[in-house]
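Student: So the sequence lines, in the order shown, correspond to chains A and B.
With my numbering applied, the first sequence closes on residue 315, and no number is skipped along the way.
With my numbering applied, the second sequence closes on residue 1315, and no number is skipped along the way.
Since the hints were made in silico from the structure, they are not lab data.
The reader is advised that the hints may include incorrect statements.
[What the hints assert, rightly or not] Covered stretches of chain A, as calculated for chain B (at least 3 residues, CB under 8 Å):
#, region
1, 17 to 29
2, 81 to 93
3, 266 to 274
[Unchecked claim] Derived lysine to any residue pairs resembling SDA-like cross-links, with alpha carbons at most 20 Å apart:
#, chain 1, residue 1, chain 2, residue 2
4, A, Lys145, B, Asn1247
5, A, Lys146, B, Pro1189
6, B, Lys1015, B, Phe1193
7, A, Lys83, B, Asp1289
8, A, Lys226, B, Asp1289
9, B, Lys1083, A, Asn153
10, B, Lys1146, A, Asp94
11, A, Lys160, B, Glu1209
12, A, Lys146, B, Leu1268
13, A, Lys145, B, Asp1289
14, B, Lys1083, A, Lys226
15, A, Lys82, B, Glu1297
16, B, Lys1083, A, Leu149
17, B, Lys1146, A, Thr205
18, B, Lys1116, B, Thr1136
Glycine is no exception: its CB is placed at the ideal position from the N, C-alpha and C atoms.
Number of protein chains: 2
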Amino acid sequence: MDGQISESTVKEKTKCQSLSHNNVRDLVDSVDAFLFDCDGVIWKGDSLIDGVPETLETLRSMGKKLVFVTNNSRKSRSQYAKKFRSLGISVTVDEIFSSSFAAAMYLKVNDFPKDKKVYVIGEEGILEELELAGFTGLGGPEDGKKTALLRPNSFFQHDKSVGAVVVGLDQYINFYKLQYGTLCIRENPGCLFIATNQDSVGHLTDLQEWPGAGCMVAAMCGSTQKEPIVVGKPSTFMMDFLLKRFNIPTSRMCMVGDRLDTDILFGLNAGCRTLLVLSGVTSISTLEDLSNHIQPEYYSSQVSDIPQLLSAATL
Amino acid sequence: MDGQISESTVKEKTKCQSLSHNNVRDLVDSVDAFLFDCDGVIWKGDSLIDGVPETLETLRSMGKKLVFVTNNSRKSRSQYAKKFRSLGISVTVDEIFSSSFAAAMYLKVNDFPKDKKVYVIGEEGILEELELAGFTGLGGPEDGKKTALLRPNSFFQHDKSVGAVVVGLDQYINFYKLQYGTLCIRENPGCLFIATNQDSVGHLTDLQEWPGAGCMVAAMCGSTQKEPIVVGKPSTFMMDFLLKRFNIPTSRMCMVGDRLDTDILFGLNAGCRTLLVLSGVTSISTLEDLSNHIQPEYYSSQVSDIPQLLSAATL
């Protein structure tokens, strides 16, 4: 019995390998596209992580397709492209898949009626993507200035033509928005409840973590007693969309991320190769903890290990 | 097989009886204390429900002990006593058990250190009860005016001496409070996470329902990935406290409420008699719906049915 246990433990351990000069070439050669998470992989808050430009350049020069997949819904794709440029990296809008874009695309592929409105508990990025997709968004930062006070005989009005509530990270969250979204979901027949993602916390500034969209989404689950449709990682909605657009089989994609429960799970759910980087929220001890059942194929300290190990492998 | 099914269905149905002149005397005679929920039973928003003063007077004249148990944490016990008085009902502070008081009592009976602070996501009632119990509260409505903006290099400071976060209904909920409470629970060793209650919505104004404490509590569960200690209904913490104070066995108490998942469950959990009134959030169709598994012993349209049926029984 003991022998069996230790054998299976060894097997478990060999499943997740440290990226090294022995295996990096195999990984890179067997992959046509690299999907990068952004926060904790490309940048941390507003600081670029070391060696990112060289890494992306190396992979591009090898003919690899690059896609940047982020659960952060605060920005639209064009706002993310601007952020990449400000950090000295040239990325096109088409290479970016943010959960704000995913929310708009979910409505589009599901033929959401153009005469219905979308109430947004979230920031500018969601509103911008909705508009680009031809939908009418309400709420967002604007409603962060409004108040809903509990006064006798006051009646809170909401728009009966709202057919979907999209909830993402919202630093302007307030009781007004919570009541607005709750009324739409509870009272407008067939109103959709869409979550950009459910990350509990995120490295939204350089120095610390903050409540993520999972906080606002949970609040709405608490008041409506309903579960949302999730369009960001680890849901495979974005992956299905990517597949159609690039026509690359998921087995020839590698998901690179810093989170086990979103990035790596997303990659595993979709049948991708997976690489965990330790430059974000996950530590080696969390990865190796017995309570963790999400095992990436490879792990490494940061993305710049890829070109460095490739050089070492060539020597 | 068919016969067995219909027999068990009949049994299920006879379990919950409509209060009538045939059974009201049995119920009242077998009970020493009536525990009343407030919202939807005594009042709706700021309007008294018909016949309440006469009902309470009748029961008092029969020597029954009356206790008012509310999950609404916005007010302290003395603020509730004032509300009762403004509605023309005389109730003492000792007869009121609000979830704001329960939160303070939970800390007291568990010897929460006086040199530790309590961060409050909630309103004045919680802060007042904490102070009366000798604890130092932070946050509350005051922090509703503060903002936490996601700026590069800004660092959100929190008090390391916070040993408990109490979360209740909060119409001034914002990102600042969510980050403050999340940091305390995630970073202060041993910090307690206490929920006054988890009601999804509540009739906070006369005309409509609003997100309840369950919304704010869920938000904190979402960001901390922890489950709270619940002190309000249906947790029996308040009941254990009541038992010690009044020395009346729960089998001789009757819980009267308008909610199945808090009031009636609370009564059933504690071994009380139970009476559901239909003057609040629960309709007869919800009660009789097959998906509902919480069955009170009796139901009636409103509390004033008690004296009316008693009179009819005497005739």
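Student: Just pull the numbers of the violated hints for me, sorted ascending.
Tutor: Hints 1, 2, 3, 4, 5, 6, 7, 10, 12, 13, 14 and 15 not satisfied by this model.
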